[in-house]
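> The task is simple: from the sequences and hints, build the whole structure.
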Amino acid sequence: MLRSMITVSCGVLGLIASSTLAQVAPPNGIRASDVRHDALVHCTVVTQPGSMIADATIIMKDGWIVSVGPAASTPIPAGATHHDCTGLTAYAGFIEPYLTIDTSAQARDAAAQADAHWNPRVTPQVSVRAARLPAASTRESLRDAGFCVAAAWPSTGALRGTGAALTLASEDAMVMWLGQELGQAATFDRFTPPEGQEPPYDAPRAVAYPASRMGAIALVRQVMRDAAWSVQASRAWSAQPTGQDPPRANAALSALASCVPASSARPMPFVVECSDEHAVLHTKALLDESGWSGWCVASGLEFRELDAVVATRLPLVVPLDFAKAPDLTNPRRADQISLRELGTWACSPMNPALLAERGVTMALTTHRLKERSDLHARLHAAVEHGLSTDAALAALTTTPASLLGLGSTHGRIAPGSMANIVLMEGTLASKGAKVRRVWVAGRQSIVKPRPVLPIDGGFVMTAGNRSMRGSIDLSKGTVNLMKPPPERAEAGSKPTFARAERVDLGERTISFVAPAGTIDPASRIRVVGETDGHAIRIECVTPQGVRTVWTMVADASVPAPDQGEAAAQGDSQASDLVTADNANTPNSADQEAEPSASTDQRHPAALALLKTAPFGDSGVRFERTTNGDRMVGALERTVFRHATVWTSAAAGTLDDCDVFVDAGKVAAIGRALVVPAGTTEVDCSGRHISPGVIDCHSHTGVLGEVNEWTQACTAEVGIGDVIDPADINWYRQLAGGVTAANQLHGSANPIGGRNSVVKLKWGEPAAAFPIPDAKPGIKFALGENVVRARDRYPDTRMGVEAFMRDRFRAAAEQRAALARWNALPSATRARTVPPHVDDELTVLGEILAGERVVHCHSYRQDEIVMLLDLADELGFKVATLQHILEGYKVADRIARHGAGASSFSDWWAYKMEVMDAVPHNGAVMTGQGVLTSFNSDSSELARRLNTEAAKACRYGGLEPAEALKFVTINPAIQLGIGHRTGSLEIGKDADLVVWTTDPLSSYALCDQTWIEGVKRFDRRADLERRALDADLRAQLLEAAFERGAADRPPAKPDPDSGGRRRGPTLLARMLDTREDASWEMYRRGQDPAAVRSGECGCGAAMTIFGGGDR
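If you count by my numbering, then the sequence shown holds residues 512 to 1621, one letter each, in order.
One should not assume that every hint holds.
[Claimed, not checked] Cut-off 30 Å, straight-line C-alpha distance, at most; resulting in silico cross-link-like pairs (DSBU-like, lysine-lysine):
(1) Lys881 / Lys945
(2) Lys959 / Lys835
(3) Lys835 / Lys945
(4) Lys1526 / Lys1286
(5) Lys1499 / Lys1526
(6) Lys959 / Lys881
(7) Lys959 / Lys945
[Stated by the list, open to error] What follows is a set of in silico ranges between Cβ atoms, one per label pair, in the way DEER data are often shown:
(8) Asp1031 / Pro1070: 19 to 27 Å
(9) Ala1027 / Leu985: 22 to 30 Å
(10) Arg619 / Leu985: 46 to 54 Å
(11) Val1057 / Asp967: 28 to 36 Å
(12) His593 / Leu985: 22 to 30 Å
(13) Ala1162 / Arg1465: 24 to 32 Å
(14) Pro1115 / Arg1019: 46 to 54 Å
(15) Pro1070 / Ala1027: 18 to 26 Å
No wet-lab data here; the hints were simulated from the structure.
For each residue, glycine too, the CB sits at the ideal point set by N, CA and C.
The structure is reproduced here in structure tokens:
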């Protein structure tokens, strides 16, 4: 035994980095005794998940567990303090894996240093060890919930700094830091403008960047690459310090070196706090790109993208802040609640169970819980929604211990483990379970003493000649009072009980509120009492302050109360006593004693919703294959018979024609096609088939902001990082025949972000949307949008040209420097500091190399010509000029460059830049040899692009087949996907639409939309889906009402988040005013859209009727 203890002691020297060995003043008198030798006797010990010893003894000495075993065979050493734990269950002390510490002061100091990163949100050099210890009150709240160890992390910035584990001792001097730094904390943090400020905001651009989710991802990606470059550059300079400049000192990159795989055999993990389910996927993508390891602090919403999240195989720290019930107090608000919002509320408690069932490495955290005392109620809810108690215990003990590198000495009750133990009355996650004592490194902390009241059952209270009977249940913490029998009570009738309210059972005290009709026939009575070990002296106080003294003693003759009746009686009396804050807490008497008909609280409607993709409204019902893969749409071999087929190809429009689709491709087109047996036949008599509609300018399905407005050039950001597959507008556009779209960055800066060309594969994850062989592109912008920011260059139109030229020159220089370095012999290259690579310039270099094309927001002829001249000068390609409402003036110049034009169909005079716009623009450019398309720039307008194409017939006289090409093959060619879609030709993707009539007719309805041979929309199936969704929604609304959500008062502003609730911004107030004016015009019989004011989608009519970045 002595040898094993010596081994343990030596092993933990490296684990405990700092402890109580700080300088302590010598004692001025007799030394205080600090004997830590204890025996916990007669407790039930759960040594680890799935392993339990009944009636056991735990021996602890000097903060470590010496032995654990059955009480009958585990001797108690001499000198050990004996603790009788009869009726208590011992668990390993819980471990909080994510406790944030305010490090704002350290982050500001770090950002102010000469070797700081240029972005003040990047401060990985901050160490949580240098911050103050967690407040004593914070440590106490964690201990009260059963936690003995916590991992503390910085809370400020995008890359925040390193975390470390510490014990949760009550005194600061007793707190121990455990082990080394745990990892680098990060988040996809973005700039939030100060209250009341509008763009450009009172903040330097470096402070404001990033202001979007895609910008935050780009920043983290660049810093990760810079850290790897810093390691490589430092090694190269160390190998040959002469003849070359050393890498510039950067504290942030140096701090991140421990995460770079090339710098360490065991690199430090990268720990990302996620705000939603998509952030887990973003983290996985960045880790895969960099080769770094890491894990995520989850959002609690992972069930909405469960398959994709599980596929990442990332460990998750999962919060228990389940979604709040929707506010149903306002009928109008209730009507507006989406199925996705209702489903999120209903499925949120299932999240831990769903992750555990799928084998995700999962720890639980109190992070984001408003009160840590809610932990056990949330655990109980998670168990009721499918989480096993063993999985819950593992998520609080063994899993976080392993995740934090503490698995050898924490998370289990075993010899050699630190003496971190929590003693509970009741079992973990059971209803009414209470933490009674916590031992942190062998030091006891009494959380809530067990009541030693002499009564646990029936009692009688007497005061003179008055008496009152009732019962106390110490395990449930309830008091029930017997009501006086009615005057004409039948003989043998059962007594009725009323539930006491606000029950508090202390170690030797009791207090509660007796409902009216018990002690007093008309008033509620406050009751307080204290025991002398035999009886309880009770003092009753009326609302008028009159006090009477009673004596309470045990009385076995009192019958057990009818729990259902007691609960009902208590509820009827408690409505004006129990507040909204405590009505739903585990300490509420109603919550403690209300029986449950079933332990499984998963709502059938919520379970059904989990089998839809995407989660929520109009989701596709799916089944799973034998290997667990999700089947959303079936790839069908299909023949469409007797349709009028608009091929948008050389074949033109074909009457009474068949289209055969096989393996996702168009296999044959012709009359009376002979197809293989088993082919699904669709009778399209009287119907028309066209290629799928393609929107060449879309902002649909972008997570977060569509503009990274903070820099003049943001080529490093990419829409492909932030595709939202659950945007309901995708489904609505499928209902309008759209099969593909060009997702573009906004027009806030001259050089914006990279585009994303996608197919609308509704029901699939984001990774399935991008078209892999689409030509990579980027969004540029000209005109008033990009020069309106007065706090950065450029702020004139001529400055835009100069800025673009300068950026391209910088990109060419970087590309040349990299080429020279790569051309060096390998031995020389290893000793030569590599050029620093800026992602922004890498993207611009791809443009110069012809690997990426430009899509440019443009209106005026002079600026259009300027960009084309610059492109010809520098040798890059402009694929499309977007909007281009003055394109008809310079159509010959556009055609000479070979650029395409993607225009609005008939917009004019809605702002100064477009005063010369004409609706014949598209037809004129087409006549001059410019490849022209019409686009939406609006999630709403995209639903009817077929009728937008018809306007080319109305304005310009184009043939219908040519007009349809404006939204089919022409945008496909512009986006570099014309070889696979945009027309109906053999061998191309089976992207097609079945229309009820001529697709250019305003009366045409989309019957079906097919993408790569999979039916993604069907009008008849949609009607059935709406009915199913309505039924699910009704069930969940009823469940919300049953749980009292309708009676919940509006939430008060959280003082911890800044006090009063933020009012509407100036822009919001402006839009509200304009919207009111537009509706007033509508009521007067005027057309608000005929006088559209505003720009870039800010006009009121555009707000109401849909808009984008005009």
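> None of the hints should be skipped; say for each whether it holds.
Hints, verified against the model:
1. Of the pairs offered as hints, the one joining Lys881 and Lys945 holds, with about 19 Å between alpha carbons and a cut-off of 30 Å not exceeded.
2. A distance of roughly 29 Å separates the Cα atoms of Lys959 and Lys835; the hinted pair therefore holds under the 30 Å criterion.
3. Taking the CA atoms of Lys835 and Lys945, the gap is near 24 Å; set against the 30 Å cutoff, the hint holds.
4. A threshold of 30 Å between alpha carbons decides the hint, and for Lys1526 with Lys1286 the separation of about 26 Å falls inside it, so the pair holds.
5. A hinted pair counts as satisfied when its Cα atoms are at most 30 Å apart, and Lys1499 with Lys1526 qualifies at roughly 16 Å.
6. Taking the CA atoms of Lys959 and Lys881, the gap is about 21 Å. The hint holds against a cut of 30 Å.
7. Taken as a hint, the Lys959 and Lys945 pair is honoured in the structure, with Cα atoms around 8 Å apart against an allowance of 30 Å.
8. Distance hint check: the CB atoms of Asp1031 and Pro1070 are about 23 Å apart, consistent with the given range 19 to 27 Å.
9. Separation of Ala1027 from Leu985 is about 25 Å and conforms to the stated range, judged on CB atoms against 22 to 30 Å.
10. At about 52 Å, the CB distance of Arg619 to Leu985 agrees with the hint of 46 to 54 Å.
11. Here the CB-CB span from Val1057 to Asp967 is close to 30 Å, well matched to the stated 28 to 36 Å.
12. Between His593 and Leu985, the C-beta spacing of about 23 Å keeps the proposed range 22 to 30 Å intact.
13. With their beta carbons about 25 Å apart, Ala1162 and Arg1465 fall inside the hinted range of 24 to 32 Å.
14. Restraint check, Pro1115 to Arg1019: a C-beta distance of roughly 47 Å satisfies the suggested window 46 to 54 Å.
15. A beta carbon spacing of about 22 Å between Pro1070 and Ala1027 agrees with the range 18 to 26 Å that was offered as a hint.
Hint compliance for this structure: every hint is met.
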